[in-house]
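Chemist: Heads up: the sequence lines are chains A and B, in that order. Just so we're aligned: 564 in the working numbering is position 564 of the first sequence, and the numbers increase by one with no gaps anywhere. Just so we're aligned: 25 in the working numbering is position 25 of the second sequence, and the numbers increase by one with no gaps anywhere.
These are calculated hints, taken from the structure and not from any lab test. Among the hints, a few may not be true.
To spell it out: a stretch of chain A is covered by chain B in this simulated footprint if at least three of its residues, at any positions, have a beta carbon under 8 Å from a beta carbon of chain B; those stretches are [as the list claims (entries may be wrong)]:
hint	segment
1	114–127
2	192–205
3	659–671
4	685–693
C-beta atoms are modelled at their ideal positions from N, C-alpha and C, and glycine is treated no differently.
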Amino acid sequence: MKANTDTTLNRRTFIKVTSLTGGGVALGLYVGTREGRSQFGPPPPAPTPDVYITIKPNNRFTIIAKNPETGQGIKSALPMIIADELDVDWNQVDIQQADLDPKYGRQIEGGSTAIPSNYTTMRQVGAAARAMVLEAAADLWNVPVDQLTTASGVVHGGLGRQATYGSLADAVSRLEPPDITAVPLKDPADFKIVGQPVPGVENFQMVTGQPIYSIDVEPAGMLFAAYHKCPVFGGVVESANVDEIRALPGIQHAFVVDADPDGSGRASGVAIVADNWWVANNARQQLQVDWDEGPTAVENTTRYNEQAASLSSRASEAPAGGGRGVANIGDVEAAFADADQVLEAEYYFPLLSHAPLEPMNSTAHFKEDGTLEIWSPSQIPGLANPARSAGIENDAATMHLVRSGGGFGRRLYSEYDIEVAAIARQVSEERMEAGLPTVPVKLLWTREDDMHFDMYRPAGYHFFKAGLDADGRLTAFRDFVPSVASVVPANEFPRGFVSNFMANSIPITPFSIPTGALRAPSTNGVSFVMQSFIDELAVAAGADPMQFRLDLLANPVPEPQPAGGRGGRGGGFGGGGFNASRAAGVLEAVRRMSNWDAVYPTMGNGRGIGCAFQFAHAGYVAYVVDLTAEGNGQIRVNNVWSAVDIGRQIINPSRSRNLVEGGFIEAMSHMMDWEITIEGGAVVQNNFPEYQPTRMAHAPSSIEVEFVLSDNSPTGLGEPSLPPAIPAITNAVFNATGERIRRLPMKHDGYRWT
Amino acid sequence: MPYTFTVNGTSTTVDTPEDMPLLWVLRDVLKMKGTKFGCGVGACGACTVHIDGRAVRSCMTPVANVSAPVTTIEGLSEDGSHPVQQAWMELDVPQCGYCQAGQIMSAAALLANNSDPSDADINTAMNGNVCRCGTYMRIREAIHRAAASV
Ligand code: FES
Ligand code: FES
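Just chain A, same shape as in the assembly (with noise of 0.2 Å):
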């Protein structure tokens, strides 16, 4: 990726004027085609520009928030972008949240490219319009444009002329819009907001308790719908009770909703709706279903558990053909009898729910005219499903885009729209037969829900076998998974930079357990693993662990391209290719932060310090963590050192601290406590009690931060701080106590964070 040039774009993009009844003027994007619009379909026959700056006659201007918001600070980022190039203080912008529209292209939080995607996008548009605001002046002043400066959203002539932006709206209105990507653009150096700690912009709302959120939304006259499903994986209702449970005091509506599985998807339950929702959701108790549970009913974890150990006897096999996805290059097994050491592993990590805060919901309204408006939290939203589950067509639904309690991954699946759509149909059209109006209905799920319906992250269970020579060099290395949908690390580190090197999966089956992406998709686990297993082996080689990994990245194998290819390494989606001197630039410097070289042979006897570094969705970051282990399993995480190369510019930096110490905070969740299993086709765990995340009194004493800036395109920092944490933990344990922690969670190992 190169800096001013952005694959979203091309050339028949161009700035589209608007000026403004009672003043002003919106200036927008006009998109001629533009790809990534797989979420919406086909473009539509006549696109329209999309808005994204307001300039009023008051000097105010309104800045459009494309993309959904849901923690990860975007709702700021991308609008900091635009006010920066456009010259304007960030105290006379007002953000707006952009609704469903294909106008404005990905509207898309995951895999942590908003900011690569929309970087240069975003400072053209501010750019331009600034570029406009300075010719009006020079026509007004006849001046020529060169002699203008701006700032505060203000333009100065010379002379004492000054003129603000809202004055010349009407002037820019008439303007020729310039050619966007021939705009100059600012000098980074010179950046006013990007750069700043820019607090969240909802905080006030968030701290008076405004409803802001997608479970706040309540349209008038809404009713609150509970949804009961079949706790097996893929079980329909065949009856239930539904004419009792009407009767209860205060149900409005309670029917059956038939299994989608071919069309929307939806799964099949009975619906409650009620005045509140507490009295919806309590009709549940009374609630009788006899369940089709199908076939996931026979499924266990034990039974993956047991697939799992008896495939390993296959770990030596070479992949089938050049598959992709494996990897096998030079001859491990050669080299495994060459070698002066070979270890052996195993390594498991379980099936985890994301439990953002807020549990899942959506409001929607089905109305007279047939039409249907979604309130939704999605983090990829679309109308195709929701419209598909309501049976009509996707022009008859419009989406609003509402603030969410935490995705994780979680919101990139939509089943809650899918779901209310088709309540909302059923309970207007029985109001319509009852000669009512129609009503918006919220559908909530109980925690339980949401952990019994997620789309999990898989399991990896992993068997490694590696080779060091006389000298303690890595010599061949391998990797066998079998797999629940499982992460195959065919193209991590430390492939690339080893002569043999083979990673090799078989199915484990049968697996109907729904999987999707977690924070930091694919590495969240494999980290993990890989960088635990290294360490194995740095202190078979009597190495120090950290001089160990630099000593390996400074040694690049150059490979024979496979038939196949290798693609992008690591990662996961917007994962791009792996380069050495920036992982090793983050070694160095949490090296340095934690003065590693002094403490490490210092530690032992309670006391470890461990290291770790991920590339992960176009990021590079490295931990070190000290801490104490102070017996009977009480791990005390004292102090945490982070180092994170996301390019040249970090749009937020209290955005981006804040998103490494969550990252490392979830991190502890996932080690310590955090499983999910699987009994009879349905999940074990209920509620938090069962699936405990980090609480206060385990956060670290501090997580000191450092930005290492390189020459590369901003990336996003909501993934990659999360993966390298844990590892960097377990290491730390292995160094305090000799205990190598090979299996997640550590409680079944007796551990516990004090």
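Given chain A, put chain B with the ligands in place with the hints provided.
Modeler: Structure of chain B with the ligands alone, referenced to chain A:
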């Protein structure tokens, strides 16, 4: 059944089942959405309110048991000027922000009884409040800052 109690200084009567938790009375009957639902079993603290000045989980408090004045996040101050709210904004504590109403209510109750809490005091008072986004370090710092300004 009709139940009468005081919320944020105003006497209020609601007609609900006796076992309906205060959380849902606040949210769905009184339409005060600031108090949040996270677990419904007393394990996350998102629903924390003050009853008689003590931090209480409203999801575990049947409306029939409410016999003292209730304060919610909407009533902590008129205008967001409570020192805890101010410290939260100054330190840019929230990420998704969903837990923060409950965190603030727990922190405000702590400071009302202990004007200079240690980290250990904070751990004890705040351990029932989950922040899924992991803002604990900023919460801790914000409580110290609010304590300094009370
Ligand atoms: S909702 Fe009350 S403690 Fe979680
Ligand atoms: S800020 Fe998201 S749960 Fe605390």
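Chemist: Decide, hint by hint, whether the structure agrees.
Modeler: To see whether the hints hold, each was checked on the structure:
1. Under the rule that three or more residues need a Cβ within less than 8 Å of chain B, the assignment of the segment 114–127 of chain A is violated, with 0 such residues.
2. Counting residues of the segment 192–205 of chain A whose beta carbon lies closer than 8 Å to any beta carbon of chain B gives 6, which reaches the threshold of three, so the coverage claim holds.
3. Counting residues of the segment 659–671 of chain A whose beta carbon lies closer than 8 Å to any beta carbon of chain B gives 7, which meets the minimum of three for the stated coverage.
4. Requiring three or more residues with a Cβ within less than 8 Å of a Cβ of chain B, the coverage given for the segment 685–693 of chain A holds, as 4 such residues are present.
In summary, the one numbered hint that this structure violates is 1.
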